[in-house]
Amino acid sequence: MSNEMMNKENWVLLFKEIGLDEATMIQWHKAFEARFPAGHQSFLEWLNIEENEIRHIRAL
Amino acid sequence: MFTIGQVAKKYTLSRSALIYYDTIGLLTPSGRSASNYRLYSENDLKKMDRIQLYRSAGLSLESIASLLEKENSDLNSTLENRLLTINGEIQKFRNQQKVILKILENESLERHSRVITKAIWVSMLRAAGLDDAGMENWHREFELTSPEAHQDFLESIGIDEDEIKAIRAM
Numbered sequence: 001m002s003n004e005m006m007n008k009e010n011w012v013l014l015f016k017e018i019g020l021d022e023a024t025m026i027q028w029h030k031a032f033e034a035r036f037p038a039g040h041q042s043f044l045e046w047l048n049i050e051e052n053e054i055r056h057i058r059a060l
Numbered sequence: 061m062f063t064i065g066q067v068a069k070k071y072t073l074s075r076s077a078l079i080y081y082d083t084i085g086l087l088t089p090s091g092r093s094a095s096n097y098r099l100y101s102e103n104d105l106k107k108m109d110r111i112q113l114y115r116s117a118g119l120s121l122e123s124i125a126s127l128l129e130k131e132n133s134d135l136n137s138t139l140e141n142r143l144l145t146i147n148g149e150i151q152k153f154r155n156q157q158k159v160i161l162k163i164l165e166n167e168s169l170e171r172h173s174r175v176i177t178k179a180i181w182v183s184m185l186r187a188a189g190l191d192d193a194g195m196e197n198w199h200r201e202f203e204l205t206s207p208e209a210h211q212d213f214l215e216s217i218g219i220d221e222d223e224i225k226a227i228r229a230m
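Line by line, the protein sequences are chains H and G.
Note that the numbering used here gives residue 13 to position 13 of the first sequence, counting from 1, and the numbers run on in steps of one.
Note that the numbering used here gives residue 142 to position 82 of the second sequence, counting from 1, and the numbers run on in steps of one.
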């Protein structure tokens, strides 16, 4: 996956728009990491998040 | 002569098992003590040796009883039948083993795959608490705010053209 049009900020806005709060998003990353660690990585890369922050999110 | 307690200990069986063997006529002790306790002779113990041997081959008490009655006449066919049953069981376990390995393999493939499929994505959105209506809402918002990224995203999780069109038109 690669993408020029979506970034983390917009993704977070989108999730907030449909009613997900901060805590739910953190839970969501944890679940994503637990079940599909490699897919989580590629999703975060797709959002053009930089390496250090990806590491941080995956370690939540 | 041996008491029921001694026999039970020697064969690591319970007393009640020996009493049961007596009740069904599998192993009836040859003697009784003055106070009417069961007493087992050397011959009874030899019989018990055979019973235990056949038990360890997995034969039912019923087949053991008929084997002991008829003396070695039916032994081969009884054992052959038992062998067939065991082979069948082994085959069954092999099949279960295959199924388990397959499940584990899929799980591990999914875990290590960098490719996010539609199924993975749907299950992750459900994990975030979205039901079908929530997901539709999410697609609508996605389409509204970043239509190109929405298209790109749907392509990246392997959805075909027609379905993408339908989703984006929701």
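Be a bit skeptical, because a hint or two may be false.
Partner residues aside, some chain G positions facing chain H, computed with beta carbon under 8 Å [as the list claims (entries may be wrong)]: (1) TRP198; (2) ASP212; (3) SER216.
No farther apart than 30 Å at their CA atoms in a straight line, the calculated lysine-lysine pairs in the DSSO-like style are these [unchecked claim]: (4) G:LYS162 - G:LYS178; (5) H:LYS30 - G:LYS178; (6) G:LYS162 - G:LYS70; (7) H:LYS16 - G:LYS225; (8) H:LYS30 - H:LYS8; (9) G:LYS130 - H:LYS30; (10) H:LYS8 - G:LYS225; (11) H:LYS8 - G:LYS178; (12) H:LYS16 - G:LYS178; (13) H:LYS16 - H:LYS30; (14) G:LYS107 - G:LYS70; (15) G:LYS162 - G:LYS152.
Calculated directly from the structure, the hints in this document are not laboratory data.
No experiment lies behind these values; they were computed from the predicted model shown.
Quick reminder that beta carbons are idealized off the backbone N, C-alpha and C, glycines included.
Here is what the structure says about each hint:
For the restraint placing TRP198 of chain G at the interface with chain H, the shortest Cβ-Cβ distance is roughly 5 Å, inside the 8 Å limit, so the hint holds. For ASP212 of chain G, the interface hint holds, the least distance from its beta-carbon to any beta-carbon of chain H being 5 Å, beneath 8 Å. Because the beta carbon of SER216 of chain G sits about 4 Å from the nearest beta carbon in chain H, less than 8 Å, this interface hint is met. Under the criterion of a C-alpha separation no larger than 30 Å, the hint pairing LYS162 of chain G with LYS178 of chain G is consistent with the structure, at around 21 Å.
Proposed proximity of LYS30 of chain H and LYS178 of chain G is supported: the alpha carbons are some 19 Å apart, at most 30 Å. A C-alpha spacing of about 46 Å is found between LYS162 of chain G and LYS70 of chain G, which places the hinted pair above 30 Å, so the restraint is violated. Distance hint between LYS16 of chain H and LYS225 of chain G is fulfilled; the C-alpha atoms sit about 25 Å from each other, no more than 30 Å. Under the criterion of a C-alpha separation no larger than 30 Å, the hint pairing LYS30 of chain H with LYS8 of chain H is consistent with the structure, at around 17 Å.
Simply put, LYS130 of chain G and LYS30 of chain H have alpha-carbon atoms about 68 Å apart, too far for the 30 Å limit, and the pair is violated. Straight-line distance between C-alpha atoms of LYS8 of chain H and LYS225 of chain G comes to about 25 Å, which keeps the hinted pair within the 30 Å bound. Pair hint LYS8 of chain H plus LYS178 of chain G holds up; C-alpha atoms about 20 Å apart against a cutoff of 30 Å. At most 30 Å may separate the alpha-carbon atoms for a hinted pair to count; LYS16 of chain H and LYS178 of chain G meet this at roughly 22 Å.
This hinted pair checks out: LYS16 of chain H and LYS30 of chain H have alpha carbons roughly 18 Å apart, not beyond 30 Å. Between LYS107 of chain G and LYS70 of chain G the CA atoms are separated by roughly 14 Å; this keeps the pair inside 30 Å, and the hint holds. With a C-alpha separation of about 16 Å, the suggested pairing of LYS162 of chain G with LYS152 of chain G holds against the 30 Å cut-off.
Violated hints for the displayed structure, listed by number in ascending order: 6 and 9.
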